[in-house]
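K.L.:
Sequence:
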Amino acid sequence: MADTLTLTPAAAKRIAWIAERQAKPAVLRLSVEGGGCSGFQYKFDLADAPDTDDSVSETDGVRLVVDPVSLDLVAGSTVDFVESLGGAAFKVENPNAAAGCGCGSSFGI
Numbered sequence: 001m002a003d004t005l006t007l008t009p010a011a012a013k014r015i016a017w018i019a020e021r022q023a024k025p026a027v028l029r030l031s032v033e034g035g036g037c038s039g040f041q042y043k044f045d046l047a048d049a050p051d052t053d054d055s056v057s058e059t060d061g062v063r064l065v066v067d068p069v070s071l072d073l074v075a076g077s078t079v080d081f082v083e084s085l086g087g088a089a090f091k092v093e094n095p096n097a098a099a100g101c102g103c104g105s106s107f108g109i
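Read in order, the letters of the sequence shown correspond to residues 1 to 109 in full-length UniProt numbering.
Wrong hints could be hidden among the right ones.
DSSO-like cross-link-like pairs, simulated, lysine-lysine; straight-line CA separation at most 27 Å [unchecked claim]:
(1) 13 to 91
(2) 13 to 24
(3) 24 to 91
(4) 13 to 43
(5) 91 to 43
(6) 43 to 24
Quick caveat, the hints were computed from the structure, so don't treat them as lab data.
Please model the entire structure based on the sequences and the hints provided.
P.N.:
So this is what it looks like as structure tokens:
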């Protein structure tokens, strides 16, 4: 299914860790906002629960939720958590992005 979102086990583990420390449910909201150096940027927040019209993906008991407007821009994406010498961050592998920036947090269509 083209609009399926994937949350990797590494990302699910990190979200569960953050949620536990903040005493919140393990629900990560991915949304897209205008801005960033390539036109759009990703925004991550912990949510209390999915909204009724959200697309929901679940990995290891952790849910990734995306609103319908953002879903148009991130359909088919994979959300991962990567650690490197430069730091640790959530990374979106977005097949819809025609351009990106060096920091990986913004993209163009």
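K.L.:
Against which earlier hints does the structure fall short, listed by number upward?
P.N.:
none
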